[in-house]
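Participant: Residue strings, one per chain:
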Amino acid sequence: MKVRILVSLKESVLDPQGQTVRNALHTLGYHQVKDVRQGKVFEIELEGLDRAEAEKVIPEIADRVLANPIIEKFSWEILEA
Amino acid sequence: MKVRILVSLKESVLDPQGQTVRNALHTLGYHQVKDVRQGKVFEIELEGLDRAEAEKVIPEIADRVLANPIIEKFSWEILEA
Amino acid sequence: MKFGVVVFPGSNCDYDTFHVLQNVMGQETVFLWHKEHDLRGVDCVVLPGGFSYGDYLRSGAIARFSPIMREVKKFAGSGGLVLGICNGFQILLEAGLLPGAMLRNKNLKFLCQHVHIRIENNRTAFSSAGHRGQVLRIPIAHFDGNYYAPPDLLSELEKNKQVVFRYCDENGKLSEEANVNGSAHSIAGLINHQGNVLGMMPHPERASEKILGSEDGKIIFRSMIDYLEKKRGTGKKKATRAFRPTVTPLPPLIGTF
Amino acid sequence: MIDAKTLADHNLTREEYELIVNLIGREPNLTELGIFSVMWSEHCGYKSSRVHLKKFPTRGKYLIQGPGENAGVMDIGDGLAVVFKIESHNHPSYIEPYQGAATGVGGILRDIFTMGARPVAVLDSLRFGPLDQPENRSIMDGVVSGISGYGNSFGVPTVGGEVYFHECYAQNPLVNVCCVGLARKDKLFLARARGVGNAVIYVGARTGRDGIHGATMASAEFGEETEHKRPNVQVGDPFKEKLLLEACLEAMARDLIVGIQDMGAAGLTCSTTEMAAKAGTGMEINLDLVPQREAGMNPYEIMLSESQERMLIVAEPDKVEELKKIFTKWDLEAVVIGKVTDDERLKAYFHGQLVIDIPVKAVVDLCPAYRRPARTPAFLRKVTRFRLPEMPSDLNQVFLQLLASPNISDKEWVFRQYDHMVQVNTMVLPGADAAVLRLKGLKKGLAMTLDGNSLYTYLNPRRGGQIAVAEACRNLACAGATPIGVTNCLNFGNPEKPEIMWQFKQTVEGIAEACRRFEIPVTGGNVSFYNETEGKAIYPTPVLGIIGLVEDTSRVPAAGFCGAGEVIILLGENKEELGGSEYLRLVFSEEKGQPPALNIEKEKRVQECCRQAVRAGLVRTAHDLSEGGLAVALAECSFKGPHRIGFQVKLDDRLRTDALLFGESQSRIILVARKDKARKILALARKMKVRARIIGRTGGRKMVIWHRKKKVVDQPVELGYRAWKNSIPDYFKVKKT
Ligand SMILES: Nc1ncnc2c1ncn2[C@@H]1O[C@H](COP(=O)(O)OP(=O)(O)O)[C@@H](O)[C@H]1O
Ligand SMILES: [Mg+2]
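Residue numbers (my numbering), protein chains in the order written: chain A, 1 to 81; chain B, 82 to 162; chain C, 163 to 419; chain D, 420 to 1156.
To be clear, the hints were calculated from the coordinates, so they are not data collected in a lab. From the three backbone atoms N, C-alpha and C, an ideal C-beta is built for every residue, glycine too. Careful: at least some of the hints might be erroneous.
As the list claims (entries may be wrong) - Each computed DSS-like pair below joins lysine-lysine, with the alpha-carbon atoms no more than 27 Å apart:
#1 154/B / 235/C
#2 164/C / 335/C
#3 10/A / 154/B
#4 268/C / 91/B
#5 748/D / 235/C
#6 1059/D / 268/C
#7 154/B / 40/A
#8 115/B / 268/C
#9 1152/D / 268/C
#10 271/C / 40/A
#11 744/D / 197/C
#12 863/D / 40/A
#13 372/C / 1023/D
#14 73/A / 115/B
#15 164/C / 748/D
#16 40/A / 137/B
#17 2/A / 83/B
#18 40/A / 115/B
#19 236/C / 748/D
#20 744/D / 34/A
#21 83/B / 10/A
#22 91/B / 40/A
#23 335/C / 859/D
#24 606/D / 268/C
#25 271/C / 154/B
#26 91/B / 73/A
#27 859/D / 164/C
#28 268/C / 154/B
#29 743/D / 34/A
#30 743/D / 271/C
#31 271/C / 115/B
#32 34/A / 115/B
Unchecked claim - Calculated from the model, a selection of chain B residues having no Cβ within reach of chain A, i.e. all distances over 10 Å:
#33 87
#34 93
#35 94
#36 99
#37 102
#38 126
#39 132
#40 144
Please build the complete structure, drawing on both the sequences and the hints.
Facilitator: Shown next, in the form of structure tokens:
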């Protein structure tokens, strides 16, 4: 099973990387870019579990390991069953 | 308009970060995890362009700025029009 | 000779490089501000180490768009001497002035330590003062120094002798252990096909004074000065205008031009 | 209306609240209450510690600026001043190790450059729970990456520090960061809002909702509940801070600044009120003008936000344009948000309404000071009296065991992640007793070190405090440096508990006495209380940061053996003192006894002898004795040299062998010299009434120690080296699966 987990900073948390990328895009003339937030993506290959189990394990992994809930949030989707 | 661009290492390039995450997950007992690839996600807020223009600008930005084509590939989607 | 040290926002070895070029090597040296469009008549451009734009996105990825880089490209295109150290090397790669790319160090940690590098090719403007096979002790300090190039590019680089420095042990032997950041073919320094643009991860400016433990870095600067002097035809006799700078413990204000 | 819950949320007592009402002559609104709450928090107001901190000596011949400013300042001659300060970031580093530690570095850097100094070095003192627990490893990994991530990017070398592991830090890691800066003596800047009518300018990053109530959080104990509150931790932007540094220094060099203060804990609140209070002026600001990162922020949030990388500047109105130009050049915002007034009040407007109107002196100077009750802890009686266990038969094996203890083993895993060479001044890299920076163009240099031993302080806080000072000075002496100034970070449990308060008081008195006797002023520091989780406090942990002046950098000795056949001299006396030793803790799991005795007069003579020998150019290698005692110190000299040379040492002291090898008696230093010079060292020692003797020679591939004709240690250098070198990295080795 192929899963994608996105981890990004919470809205109220400063994202210096995103801001720097936005500024760079402005300098290059891409003024249509209003805001950029940068985060991490994990593409995970899971094996030997069914959908219901996966739906339990994925957020657990994200919460425990991939994201620090103090400053980050996450979302996930199953790409291939 | 809200856009998401995913940038990750090409398959041919080793991803030690992903491997480290995978090992960490194994240590914690998540042996269902077979493989992890880690990449970057950019959530971009665009303004003042229609869909057709966006479809031109987004890959341009990704290719010129966000990804280094020697080692990375990218994909994108429009989240909200 | 006149050297120009480019100051990007986030450069932090700019003054170190300036100090060594001016106060140790006795060369006239100026800072070049990233927003400038003029190289101010320098004979050589140095892109110093640091974290231009915080190294956000990728090391060197944003700095390559600076106005000054357009001039640097032109300068390099017409045969001007360009040295990129550490972050400077990364910028040269991102700007396409050198081939390949940098990945995170293989252990995924920032590494600051002395390493040994071997001169692979001493027939360049950056290494002529050393001999082939000579081992230099020079520090590194980087997060992304794991050089990557696809296989065909690597063999081309080798064929053209573009690999100028390789990580090795103190006896000059290559090994996985000595290749601390995991670079392809242990590459520590790389020159372009034309031979006027060099990028290297180790910091020669940190190894140019005895009091800091090594003077091996001077070989690189010495080579460059020799090359420029020859090119200008000043020959041996007419020594370059020796600078008698007053060295101060505090840097002059970087960016005040 | 301010109810009991609101007060509790703000960590204010009913009495304190009544005092506030009295001081401002009415009930405060919520924003004003928030202001008092942070400024009167333990972190900013030093409520429980102030009466004790007064005991520190604060005068000295090199002193320019003592406690009370953003950092201390010492005169080092040639028109130069050294500016330095230490700060804790313990709580944030537990919640979010990377960002907590990173912003800790960011904060202390701003304290230094706000005074007009360029940061030239950072040192970090770190304490974690034992490495066999994965949580502790991940905290350590995050903290070290955070310090590395911020310091490296900013471009300041991290040149030294300490790392210590103990169960008591498992849920209370300590992250203390010290920064040292260099300034021109005639160009120092203070946090003063002088000159009525001058502009108040906000520079740097925009304000967001981050870290609101960080200061009050740092003053509260952790419990289940805090875990759920999940307070907002700040994210640092070292890149922006680097720009801020260059822009501020440029503005200062051009004389555009009257006063400047960084926005650290308590952000805009602290900078506005303190700058005005110190200058005897007031301030009027318009909160709508404060650059904001998020929409819809209210006055409370704007005033209390702890967003990083911001500064407040006071400047003459006709300098504003030039100032703005400099900040724009560095891609930073600079916005006039108000002006200096003469009414000694802070007035703030929001959407056209006056939302804050309070006397600044009340906020800054009238925070109550508590003389909290103190009581000798009950546990002391149990731990200080005990019988030495029987000596293990195989001390040769114990020796290896000690070398591999993470408290003694090599810390390169940590400092190799720090750029310790940027700025090309670091002569003595991490790994030696003290770090040494050369000063470009001058013969002299600066030495610096951080030190503290919490096990000693736990067993005897007064002596522990004294030893911390003595050991830091001894580290400096090994570099030939004279200590000139002190900063300190005092990490303790909950001061409302009398036993903790006793520890605190005793420690402070110990440090104060030692500093007085060493004639070095305390120029500032930081107190971190409430280092408790679930009611369990850390060991009392003072961390001393001491700066020394090296007269001649060309004479600084090496940390390791330089060659074979050199003579090893021991300064000082070996005594039968095993209390509080790493040996007892590691081998017998005993944290008992009295820490080693300290005779400050003797200590000073030993240090002076070492210094003079170094200055006379007699010494090739110098290393002081600390954790692990003589055997470990000798081994470290073997490992830290470029060639890893062994030694042969013969001792005949009438002591238990384990005490001789691993005891931590104070006032001892190993000096290594060539034969002819060794004699001169002995003569010098005799003249100075310091016990000194030749104990052996360097050479060979083995580390050998004889005690009264018996070979008690005999190990190959390489074996010991690997035990010492791999201990910490092995914990972090990823198991390949
Ligand atoms: N957190 C750290 N950061 C930088 N350097 C460190 C750190 N911890 C230890 N070191 C360096 O490792 C060396 C040994 O540390 P330590 O054993 O505590 O020394 P000492 O006992 O002499 O004070 C010192 O040079 C110290 O500066
Ligand atoms: Mg020491």
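Participant: Compare the structure with each hint and give your call.
Facilitator: Quick rundown of the hints versus the structure:
About 26 Å separates the Cα atoms of residue 154/B and residue 235/C, which keeps this hinted pair within 27 Å; it holds. Taken as a hint, the residue 164/C and residue 335/C pair is broken in the structure, with Cα atoms around 37 Å apart against an allowance of 27 Å. Straight-line distance between C-alpha atoms of residue 10/A and residue 154/B comes to about 26 Å, which keeps the hinted pair within the 27 Å bound. Proximity of residue 268/C to residue 91/B is assessed by CA-CA distance (about 17 Å); at most 27 Å being required, the pair is judged to hold.
For a cut-off of 27 Å, the pair hint linking residue 748/D to residue 235/C stands: about 24 Å separates their Cα positions. Pair hint residue 1059/D plus residue 268/C holds up; C-alpha atoms about 26 Å apart against a cutoff of 27 Å. Distance check on the hinted pair: residue 154/B and residue 40/A sit about 15 Å apart at the alpha-carbon level, within 27 Å; holds. This hinted pair checks out: residue 115/B and residue 268/C have alpha carbons roughly 21 Å apart, not beyond 27 Å.
Distance restraint check for residue 1152/D and residue 268/C: the Cα-Cα separation of roughly 13 Å lies within the 27 Å cut-off, and the hinted pair is therefore satisfied. A threshold of 27 Å between alpha carbons decides the hint, and for residue 271/C with residue 40/A the separation of about 18 Å falls inside it, so the pair holds. Between residue 744/D and residue 197/C the CA atoms are separated by roughly 14 Å; this keeps the pair inside 27 Å, and the hint holds. Annotation: proposed proximity of residue 863/D to residue 40/A is violated, straight-line Cα distance about 48 Å (limit 27 Å).
Proposed proximity of residue 372/C and residue 1023/D is contradicted: the alpha carbons are some 32 Å apart, above 27 Å. Between the alpha carbons of residue 73/A and residue 115/B the distance comes to roughly 24 Å, so the proposed pair stays at or under 27 Å and holds. Annotation: proposed proximity of residue 164/C to residue 748/D holds, straight-line Cα distance about 25 Å (limit 27 Å). Note on residue 40/A and residue 137/B: the hinted pairing holds, with a Cα-Cα distance of about 24 Å set against a maximum of 27 Å.
For the suggested pair residue 2/A and residue 83/B, the alpha carbons sit about 25 Å apart, so the restraint of at most 27 Å is met. Between residue 40/A and residue 115/B the alpha-carbon distance is near 19 Å, which keeps this suggested pair within the 27 Å criterion. For the suggested pair residue 236/C and residue 748/D, the alpha carbons sit about 25 Å apart, so the restraint of at most 27 Å is met. As the CA atoms of residue 744/D and residue 34/A are separated by approximately 25 Å, the hinted pair is consistent with the 27 Å bound.
Taken as a hint, the residue 83/B and residue 10/A pair is honoured in the structure, with Cα atoms around 17 Å apart against an allowance of 27 Å. For the suggested pair residue 91/B and residue 40/A, the alpha carbons sit about 16 Å apart, so the restraint of at most 27 Å is met. Restraint check for residue 335/C and residue 859/D: not satisfied, since their Cα atoms lie roughly 35 Å apart, outside the 27 Å limit. Of the pairs offered as hints, the one joining residue 606/D and residue 268/C is violated, with about 45 Å between alpha carbons and a cut-off of 27 Å exceeded.
Of the pairs offered as hints, the one joining residue 271/C and residue 154/B holds, with about 24 Å between alpha carbons and a cut-off of 27 Å not exceeded. Note on residue 91/B and residue 73/A: the hinted pairing holds, with a Cα-Cα distance of about 26 Å set against a maximum of 27 Å. Taking the CA atoms of residue 859/D and residue 164/C, the gap is about 22 Å. The hint holds against a cut of 27 Å. For the hint pairing residue 268/C with residue 154/B, the CA-to-CA distance comes to about 20 Å; that is within 27 Å, so the pair holds.
For the proposed pair residue 743/D and residue 34/A, the alpha carbon gap of about 25 Å is at most 27 Å, so the pair holds. Between residue 743/D and residue 271/C the alpha-carbon distance is near 38 Å, which puts this suggested pair outside the 27 Å criterion. For the given pair, residue 271/C sits about 24 Å from residue 115/B by alpha-carbon distance, which is consistent with the 27 Å threshold. Between residue 34/A and residue 115/B the alpha-carbon distance is near 38 Å, which puts this suggested pair outside the 27 Å criterion.
A beta-carbon of chain A is positioned within 10 Å of the beta-carbon of residue 87/B; the least distance is around 5 Å. Every CB of chain A lies more than 10 Å from the CB of residue 93/B, the least distance being 16 Å, so the non-interface label holds. The non-interface label for residue 94/B is consistent with chain A: the shortest C-beta to C-beta separation is roughly 14 Å, beyond 10 Å. The claim that residue 99/B is not at the interface with chain A is violated, since a C-beta of that chain comes within 10 Å of its own (minimum 7 Å).
For residue 102/B, the shortest C-beta to C-beta distance to chain A comes to about 7 Å, within the 10 Å cut-off, and the non-interface label is violated. Once the 10 Å rule is applied to beta carbons, residue 126/B is inconsistent with being away from chain A; the minimum gap is 4 Å. With a least CB separation of 13 Å from chain A, residue 132/B remains clear of the 10 Å interface cut-off, as annotated. For residue 144/B, the condition that its CB be more than 10 Å from all CB atoms of chain A holds, with the nearest at approximately 12 Å.
Hints 2, 12, 13, 23, 24, 30, 32, 33, 36, 37 and 38, counting from the list given before, are not met by this structure.
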